[in-house]
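Enquirer: Sequence:
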Amino acid sequence: MQFFKVKSVEETFALIDEKIGKTTDTEIRPLDEALHYILAENVTAGENVPGFDRSTVDGYAVIARDTYGSSESMPAS
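In the UniProt record's numbering, the protein residues as written are 1 to 77.
By construction, these hints were calculated from the structure, which means they are not laboratory data.
One should not assume that every hint holds.
Said to hold, decoys possible - Okay, derived cross-link-like pairs now, DMTMM-like style, lysine to aspartate or glutamate, Cα gap no bigger than 25 Å in a straight line:
#1 K22 x E33
#2 K22 x E10
#3 K5 x D17
#4 K5 x E18
#5 K7 x E18
#6 K19 x D53
#7 K22 x E41
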């Protein structure tokens, strides 16, 4: 069996830069025309919306077979 060679974060970023390159050109586009474009800078919200935890409906995606035999009193690990 052959194992993958683990790359460091720095090696990974260098590989991405080599394969894709960095884009320095930017343009301003209306939101409704921005599909398939990439943001040039990070955008953060000024406050949490909603301002309370919604985990009862937001939840997590799992593979069904990984939850076999689980229940509320005995959750999957």
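Enquirer: Hey, K22 versus E41, does the alpha-carbon distance stay inside 25 Å?
Expert: Holds, at roughly 13 Å.
Enquirer: Are K19 and D53 close enough, with their CA atoms no more than 25 Å apart?
Expert: Status violated; Cα separation ~40 Å.
Enquirer: Would you check the hint for K5 and E18, treating anything up to 25 Å between C-alpha atoms as holding?
Expert: Since the Cα atoms of K5 and E18 sit roughly 18 Å apart, the hinted pair holds (cutoff 25 Å).
Enquirer: Holds or violated: K22 and E33, Cα atoms, limit 25 Å.
Expert: Roughly 23 Å between the alpha carbons, so the hint for K22 and E33 holds.
Enquirer: Given the hinted pair K7 and E18, is their Cα-Cα distance within 25 Å?
Expert: Between K7 and E18 the Cα gap is close to 15 Å, so the pair holds against 25 Å.
Enquirer: Decide if the proposed pair is consistent with the structure: K22 and E10, CA atoms, cutoff 25 Å inclusive.
Expert: This hinted pair holds, its Cα atoms lying about 15 Å apart.
Enquirer: Starting from K5, check that the Cα of D17 is at most 25 Å away, please.
Expert: At roughly 19 Å apart (the allowed maximum being 25 Å), D17 and K5 satisfy the hint.
Against the hints set out earlier in the document, a violation occurs for number 6 only.
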